[in-house]
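S.K.: Single-letter residue listing:
Protein chains: 2
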Amino acid sequence: MKVIDNIQRMVMFSKLAKKESKTIGLVPTMGYLHDGHLSLIKTARQHTDAVVVSIFVNPKQFSPGEDLEKYPRDLKRDEEMARLAGSDVLFYPSDADMYPDGYATYVDAEIFADTLCGRVRPGHFKGVATVVAKLFGIVRPDIAYFGQKDAQQSIIIKKMVEDLNMDIDIKVLPTVREKDGLAMSSRNIYLSEEERKEALCLYQALLKCESAVRSGERDAGKIVKMAKNIIKERPTARIDYIEAVNTKTLAPVDTVSCETLLALAVFIGKTRLIDNAIINP
Amino acid sequence: MKVIDNIQRMVMFSKLAKKESKTIGLVPTMGYLHDGHLSLIKTARQHTDAVVVSIFVNPKQFSPGEDLEKYPRDLKRDEEMARLAGSDVLFYPSDADMYPDGYATYVDAEIFADTLCGRVRPGHFKGVATVVAKLFGIVRPDIAYFGQKDAQQSIIIKKMVEDLNMDIDIKVLPTVREKDGLAMSSRNIYLSEEERKEALCLYQALLKCESAVRSGERDAGKIVKMAKNIIKERPTARIDYIEAVNTKTLAPVDTVSCETLLALAVFIGKTRLIDNAIINP
Numbered sequence: 002m003k004v005i006d007n008i009q010r011m012v013m014f015s016k017l018a019k020k021e022s023k024t025i026g027l028v029p030t031m032g033y034l035h036d037g038h039l040s041l042i043k044t045a046r047q048h049t050d051a052v053v054v055s056i057f058v059n060p061k062q063f064s065p066g067e068d069l070e071k072y073p074r075d076l077k078r079d080e081e082m083a084r085l086a087g088s089d090v091l092f093y094p095s096d097a098d099m100y101p102d103g104y105a106t107y108v109d110a111e112i113f114a115d116t117l118c119g120r121v122r123p124g125h126f127k128g129v130a131t132v133v134a135k136l137f138g139i140v141r142p143d144i145a146y147f148g149q150k151d152a153q154q155s156i157i158i159k160k161m162v163e164d165l166n167m168d169i170d171i172k173v174l175p176t177v178r179e180k181d182g183l184a185m186s187s188r189n190i191y192l193s194e195e196e197r198k199e200a201l202c203l204y205q206a207l208l209k210c211e212s213a214v215r216s217g218e219r220d221a222g223k224i225v226k227m228a229k230n231i232i233k234e235r236p237t238a239r240i241d242y243i244e245a246v247n248t249k250t251l252a253p254v255d256t257v258s259c260e261t262l263l264a265l266a267v268f269i270g271k272t273r274l275i276d277n278a279i280i281n282p
Numbered sequence: 002m003k004v005i006d007n008i009q010r011m012v013m014f015s016k017l018a019k020k021e022s023k024t025i026g027l028v029p030t031m032g033y034l035h036d037g038h039l040s041l042i043k044t045a046r047q048h049t050d051a052v053v054v055s056i057f058v059n060p061k062q063f064s065p066g067e068d069l070e071k072y073p074r075d076l077k078r079d080e081e082m083a084r085l086a087g088s089d090v091l092f093y094p095s096d097a098d099m100y101p102d103g104y105a106t107y108v109d110a111e112i113f114a115d116t117l118c119g120r121v122r123p124g125h126f127k128g129v130a131t132v133v134a135k136l137f138g139i140v141r142p143d144i145a146y147f148g149q150k151d152a153q154q155s156i157i158i159k160k161m162v163e164d165l166n167m168d169i170d171i172k173v174l175p176t177v178r179e180k181d182g183l184a185m186s187s188r189n190i191y192l193s194e195e196e197r198k199e200a201l202c203l204y205q206a207l208l209k210c211e212s213a214v215r216s217g218e219r220d221a222g223k224i225v226k227m228a229k230n231i232i233k234e235r236p237t238a239r240i241d242y243i244e245a246v247n248t249k250t251l252a253p254v255d256t257v258s259c260e261t262l263l264a265l266a267v268f269i270g271k272t273r274l275i276d277n278a279i280i281n282p
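If you read the protein sequences in the order shown, they are chains A and B. Going by the working numbering, the residue at position 121 of the first sequence is 122; the numbering climbs one at a time, nothing skipped. Going by the working numbering, the residue at position 182 of the second sequence is 183; the numbering climbs one at a time, nothing skipped.
Since the hints were derived computationally from the structure, they do not count as laboratory data. Any given hint could turn out to be false.
Where chains are identical, the list cannot tell them apart; a pair therefore holds if satisfied intra-copy or between any two copies.
Below, computed lysine to aspartate or glutamate pairings styled on EDC-like, alpha-carbon distance capped at 16 Å [to be verified]:
hint, residue 1, residue 2
1, Lys3, Glu80
2, Lys249, Asp102
3, Lys271, Glu195
4, Lys159, Glu111
5, Lys229, Glu199
6, Lys209, Glu244
7, Lys249, Glu111
Isolated chain A (complex conformation) (with noise of 0.2 Å):
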């Protein structure tokens, strides 16, 4: 596997694979690698020539007063864990390579990024966008992969993709969980051991609302109610939001009659996590 620390030299090795006639597969990741990438990883290997793996902490991304210093980082291990799921590339650019000096240009899915995660994240979804469309310039796959978890973004990158008219087919992967239901998530191991019990509490109301709905429950409010109440009972939780969402549009429903986003926020102490089911009736 190479590591390539440098966008120029990424760049000359996606156009001499694209004149191999290889297909490349991108699997954006901010690194401190888990299982829910690797399962990225692990498909992009079956299904294109050249893998490439990027891990760029993309400030951008993050509001003032948000986790960017103290974001996980170790390389050394992210290298290991890629190059044994297969992985031909770690794409690995710095900061100023990757917004130099009178940086200006952003792309932004609007009305898909100021809901959910978006409302009490400014400008958070207008920094992934922007940093997935320089990923796909630079390095230029046929496909991209993403996971459920980051549901949102996974809507907005797709909608950008169409939008932009940019030939990438984008996959988007089931959520990898922990033996007892929490989703995966680089932000897990803020967690101490307390919380991490507590924070079980996002899936547990995700399984009930899951439940109600085969039950035959429509109601959305009454839904997100429930989900609402598991979490409360818990007393490091503090609920961010709770939604119901159409999938295509995020537009909040009242009546879950088609697919629906259910989708959480929820801090756990002070680290917060997201999670969601996607409810067909």
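Using the hints provided, position chain B relative to the given structure of chain A.
M.R.: Frame of chain A; chain B shown alone:
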């Protein structure tokens, strides 16, 4: 020359051209072609294997109350002109194909877009960058050609390409002028006979400023003042802006000490015209 009126067929054409290792040259226009456009097409013809001229009167770059509805259109005439100039494809997508219901994604070069024309036409350059990003996605040109008359547009497109790591070469060709010096523009058709004469003041103002710089004048304020005085002599002329800015950053300059863009926008009657000169002291 093929006329392609739909995105999917344009994408197919470009994919095939790429497969045949042809280079693609793109000349994005809003139609109603003039000699300025033709110089771009002829240059593209010399330097690329497949020349695509796009015609799309982009609604996203017009503000409410601007001339979107009355913008001149004549597809038959444009077809003939593009063909004679050496175009292989006239790409003529519909509004609904470019911006289907639910369209959400915009590209914005922010600080570059909010000055000069952007200050008086809010959202204009966001519309320009967005449509050009789309055209780049659809046509996948190796080289795209723009005219120096739309100086801010060219600078923003170059900035977008650089910032978003697009693999496209942007060529900016000199402004083509009528015999008396008026910059060619599709909007010149709006001018009455009387206004057509008065419109010459834009070019005259630029000549005067260039001559002053050649004679040693470096005070940007004084240079702008000279331009203003020439334009104010014309009864139908109303200055929208006249500014001297750095060609790289578009920041206003006090002293002409490096390459400087002298840009102006002037209403002649109801018609807003722009012109500019790059001044090298």
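S.K.: The structure should be examined with respect to each hint, and the outcome stated for every one.
M.R.: Now for the hints, and whether the structure bears them out:
no.: 1; hint: Lys3 - Glu80; in the structure: within (9 Å within a copy, 50 Å between copies)
no.: 2; hint: Lys249 - Asp102; in the structure: between (37 Å within a copy, 12 Å between copies)
no.: 3; hint: Lys271 - Glu195; in the structure: within (13 Å within a copy, 70 Å between copies)
no.: 4; hint: Lys159 - Glu111; in the structure: within (14 Å within a copy, 23 Å between copies)
no.: 5; hint: Lys229 - Glu199; in the structure: within (14 Å within a copy, 69 Å between copies)
no.: 6; hint: Lys209 - Glu244; in the structure: within (15 Å within a copy, 63 Å between copies)
no.: 7; hint: Lys249 - Glu111; in the structure: within (14 Å within a copy, 28 Å between copies)
No hint from the list above goes unmet by this structure.
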